[in-house]
Amino acid sequence: MFEVQNLTARYGPLVAVNDVSLSFDTGVRMGIFGHNGSGKSTLLKCLVGGVRDVSGAVAFGGSPIVADQVHRNVMLGIGFVPQVQNVFPNLTVEQNLHIAGSKSDSSFLEEAYALFPLLRERQDQLAGDMSGGEQQMLAVALALMTRPQVLLLDEPTAGLAPAIVKNVLGSLSRINTELGTGLILVEQNVLAALDVVERAIVLKGGRVVFDGASEELRAKEDLWAWF
Amino acid sequence: MEYLLTVMVLIGINVILATSFNLILGYGGLMSVAHPIFYAIGAYCSGLLAIHLQIPVPLSILIGAGIAMVLSFGVSLPSLRVSGDYLVIASIGFQLGILHVINNLEFTGAAGGLTNIPVLNEGPSRSLVFVLLIAVVAACAVMLVGWIVEGDYGRAITAMRNDEEAFSALGRNAMNIKIVLFAIGSGMAGLAGALYAHYFAYVTPEQFGIFTSAALLTMVVVGGAATTWGPLVGAVLLTTLPQAITFLGLPVSIMAPLQGVIYTTLVISFLFARPQGLTGGTRGGGGLEAWSASAAFRARRRAE
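In order, the protein sequences belong to chains A and B. Residue numbering for the first sequence follows numbering that gives the first Met the number 0, beginning at 0 and increasing consecutively. Residue numbering for the second sequence follows numbering that gives the first Met the number 0, beginning at 0 and increasing consecutively.
Derived by calculation from the structure, the hints in this document are not laboratory data. None of the values given here were measured: they were computed from a predicted structure. It cannot be assumed that every hint is accurate.
[As the list claims (entries may be wrong)] Quick list of simulated restraints, FRET-style, between CB atoms: (1) A:R71 to B:A272: 36 to 46 Å; (2) B:N103 to A:Y10: 32 to 42 Å; (3) A:R71 to B:D84: 24 to 34 Å; (4) B:L240 to A:H34: 12 to 22 Å; (5) A:G169 to B:I267: 47 to 57 Å; (6) B:L76 to A:T176: 37 to 47 Å; (7) B:R273 to A:L117: 34 to 44 Å; (8) A:G11 to B:L3: 18 to 28 Å; (9) B:L95 to A:G169: 49 to 59 Å; (10) B:E149 to A:E120: 22 to 32 Å; (11) A:A218 to B:E149: 37 to 47 Å.
[Claimed, not checked] Residues from chain A shown here face chain B by an in silico Cβ test under 8 Å; the list is partial: (12) A99; (13) Q187; (14) A191.
Every residue gets a Cβ at the ideal spot worked out from N, C-alpha and C, and that includes glycine.
Build the full structure now, drawing on both the sequences and the hints.
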């Protein structure tokens with residue numbers, strides 16, 4: 000379970016996340032939305048300790064999330080997929096997966112291939128030579144190699160064609176239902192993401208201005224006023 | 000003959016320096032230019048231990064290398080917080096700071112340098128024996144780096160160089176790898192410095208300044224960054240080239256700047272015409288192309 004209490008995150012003088020308190024179970028399917036600069040990516044990074052200058056507290060399963068110690072926090076059972084820079088372009092698909100698996104169990108490799116059969120076909124290809132959608136699949140598979148209870152994804156569909164967006168979001172739903180892995184995703188593509196998540200949070204100026212069911216957000220006639 | 004043997008000793012020392020610099024800069028992508036200061040630390044510490052404490056030369060050489068290894072924390076710890084251009088600046092500061100200390104301590108011989116350092120070996124075949132020794136050490140250095148960058152650990156180094164954030168997101172600690180790379184690379188540089196000191200019996204602070212950083216960078220870039228054989232090729236080429244120029248019989252006032260012009264021209268030419276260096280192959284196979292691949296990759300992903 001994630002517990003966020005009075006979280007404030009800063010980049011120098013800029014307050015990106017302002018006094019946010021939340022709690023959610025690990026199996027959750029949650030979307031964090033908001034316009035550019037609303038603090039959604041920063042909030043996501045704070046959940047894995049990726050922001051240095053923070054106050055307040057974040058805990059996962061009772062263990063505190065220590066700022067600037069992403070590599071330790073991940074081992075608590077949190078998978079993190081950054082928006083870009085999320086695969087290693089100079090390594091092949093299989094080498095990428097081995098890098099991720101070396102901290103857990105490389106037998107997960109077969110499970111990753113079962114989940115994303117395309118990756119098995121491309122196992123000897125350099126990750127940098129794959130398409131954006133394929134790289135996103137690889138990035139998710141990398142995060143799954145650490146056997147997370149919950150997966151944090153920063154704009155997993157950014158820059159992808161609509162057909163690929165559907166594919167990626169479908170894969171994420173499957174991960175949630177088949178593996179029981181929770182999903183917390185930051186997305187600009189709100190309507191597509193609302194099909195996947197069951198809870199939605201909207202940030203504005205670093206503060207939570209909406210926290211409720213995804214259907215409730217979808218039903219709001221003034222939905223676009225939030226963004 | 001003695002001249003040729005001395006050039007071969009210099010080649011061997013530069014092979015160790017360039018190979019160890021390549022481990023940090025080429026494979027690790029850690030933009031530190033302070034490598035010559037660890038060369039200096041090895042030379043001075045080993046020399047001082049042998050002069051003042053009468054420690055046997057082979058032992059003082061090993062201690063000198065060990066001290067350089069330990070002091071590498073001076074650069075690896077800042078790399079926890081800064082990278083890229085900022086690490087270049089921090090490393091220059093570290094290098095100039097230590098050089099300033101050496102330059103102003105009477106104990107180290109100050110600007111005049113440290114003299115009367117006991118030599119490692121004596122006798123009529125001194126230089127030949129030393130050449131054989133340095134050849135073995137240089138070969139071991141090349142093999143050690145080759146071994147480190149192969150296999151799982153080598154792939155982890157590549158992944159860290161590609162992207163630290165993604166690497167950490169997989170539960171891997173980039174800092175551990177940085178500390179190891181700096182410690183091994185700096186220890187090797189310290190070993191090269193100690194061997195230099197106990198062959199030439201004399202070191203001065205000006206040997207370890209920014210010009211030496213530029214020379215090492217040229218060796219790595221021209222030979223091929225992030226390749227096993229590149230630094231060796233670069234070291235041989237960049238050590239023999241200035242020696243060859245001396246046979247042109249030019250006045251000293253022209254020779255010194257000419258050497259700088261050659262280094263600069265080579266680096267710029269290779270950056271534009273052959274970024275993979277003389278020995279680098281295709282993308283991912285080494286050279287600056289592999290070195291900078293992640294930056295280009297990220298830029299492309301952002302643009303998509």
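Results of checking the hints against the structure:
no.: 1; hint: A:R71 to B:A272: 36 to 46 Å; verdict: holds, 45 Å
no.: 2; hint: B:N103 to A:Y10: 32 to 42 Å; verdict: holds, 41 Å
no.: 3; hint: A:R71 to B:D84: 24 to 34 Å; verdict: holds, 28 Å
no.: 4; hint: B:L240 to A:H34: 12 to 22 Å; verdict: violated, 58 Å
no.: 5; hint: A:G169 to B:I267: 47 to 57 Å; verdict: holds, 50 Å
no.: 6; hint: B:L76 to A:T176: 37 to 47 Å; verdict: holds, 46 Å
no.: 7; hint: B:R273 to A:L117: 34 to 44 Å; verdict: holds, 36 Å
no.: 8; hint: A:G11 to B:L3: 18 to 28 Å; verdict: violated, 59 Å
no.: 9; hint: B:L95 to A:G169: 49 to 59 Å; verdict: holds, 57 Å
no.: 10; hint: B:E149 to A:E120: 22 to 32 Å; verdict: holds, 27 Å
no.: 11; hint: A:A218 to B:E149: 37 to 47 Å; verdict: violated, 58 Å
no.: 12; hint: A99; verdict: holds, 4 Å
no.: 13; hint: Q187; verdict: violated, 14 Å
no.: 14; hint: A191; verdict: violated, 17 Å
Violation of the numbered hints given earlier is confined to hints 4, 8, 11, 13, 14; the remaining hints are satisfied by the structure.
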